[in-house]
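Asks: Spelled out, the chains give:
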Amino acid sequence: MLARDEDILRAAEEWRAKGRRVALATVVETWGSAPRPVGSNLVIDDEGNFLGSVSGGCVEGAVVTEALDVIESGKPKTLEFGVADETAWKVGLSCGGTMRVYVEKVE
Amino acid sequence: MKLEILKTLNAERAARRAAVVVTDVATGKQRLVKAAEVARDPLKEEIEKHIRRGKSGMVEMPAGKAFLTVHVPPPQLVITGAVHISQALAPIARLLGYDVTIVDPRTAFASIERFPDVKVIAEWPDIALPPLGIDRYTAFVALTHDPKIDDPALTHALARDCFYIGALGSKKTHARRIERLKAQGLSDGTLARIHAPIGLAIGAVSPSEIAVAIMGEITAELRQSPEKSS
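Chains as they are written, first to last, in the working numbering: chain A, 1 to 107; chain B, 108 to 337.
One or more hints might be untrue.
[Unchecked claim] Only pairs whose alpha carbons sit at most 25 Å apart, straight line, appear in this in silico DSS-like list of lysine-lysine:
{"hint": "1", "chain 1": "A", "residue 1": "K18", "chain 2": "B", "residue 2": "K114"}
{"hint": "2", "chain 1": "A", "residue 1": "K77", "chain 2": "B", "residue 2": "K162"}
{"hint": "3", "chain 1": "A", "residue 1": "K77", "chain 2": "B", "residue 2": "K136"}
{"hint": "4", "chain 1": "A", "residue 1": "K75", "chain 2": "B", "residue 2": "K114"}
No lab work stands behind these hints, which were simulated from the structure alone.
Just chain A, same shape as in the assembly (with noise of 0.2 Å):
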């Protein structure tokens, strides 16, 4: 089945007309065996709400920390989750895959 993120993108555009602040969070790579596809997205608040999914929950909430720094700095970054990395233990990708996760600010 073809990841449809169709309502994701359409909430985020409706969320920033609201004047909500918004990033976007795009899976880019995965290795090994991963929850979501690449191409799948997450959209986050200035408040931490969000919509959509990364992987099967074990990464969104360090997402959407990573999400509010970008909101307030405007600059995208790209987030690594993976067994090999230390601090990915504590989110755990518990499938043993690794991905990379594209974090950026809706302007």
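Based on the hints, put chain B in the right spot on chain A.
Replies: For chain B alone, kept in the frame of chain A given last:
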């Protein structure tokens, strides 16, 4: 992402047109490539490949890595004929992610009970088809065996950019169909777009097997590059 890009992207998606966002992940530089603009794009080949497969992914550029976020409309399958083959074809297509619509003016055939989870329209094609927005992400299949229903539906599909058009019937039946449609002014080139006899040649016998053959052929048309598919 600039709000302008997001807005344009959402508008393209709402209009059932493919679009790709190209992001330089190192610099954050970003642009939107609409389906109509792909042919002029420096990343033309990569973008075409990704659109055909409906998959996002990283590509190497001379200047570094770029991420292609690919947005393609969900494919739809439009069938004339609420027949036995359709009863197998509709659930298989649903499983593959297609929105399915069945058109059959014969109300005895087109009952909702026979087709759960699928849109069934008990109208003639001239009324049923125009609102469906048949486009290049549409596969059209004519299965009634009745020229009064299949012919106008095929004419409608052939006037549009569907990625697949197929019609049930033997070589003989199809030859007669071609004659009728030619008489209506359709050209050989246009008529050559019809896959008939329908489906991959896998020796299908039962209605379900014919449905598999049809869905296999539709998938090949959707995913393979033009030079690979016949």
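Asks: Assess, step by step, whether the Cα of K77 of chain A is no farther than 25 Å from the Cα of K162 of chain B, and give holds or violated.
Replies: holds, 22 Å
Asks: When you check the alpha-carbon spacing of K75 of chain A and K114 of chain B, does it fall within 25 Å?
Replies: Holds, because 20 Å separates the two Cα atoms, which is no more than 25 Å.
Asks: If you draw a straight line from the CA of K77 of chain A to the CA of K136 of chain B, is it 25 Å or shorter?
Replies: The given pair, whose Cα atoms are some 12 Å apart, holds under the 25 Å limit.
Asks: Hinted pair, alpha-carbon criterion (25 Å max): K18 of chain A, K114 of chain B. Please report holds or violated.
Replies: holds, 14 Å
Comparing the model with each earlier hint shows no violations; every hint is respected.
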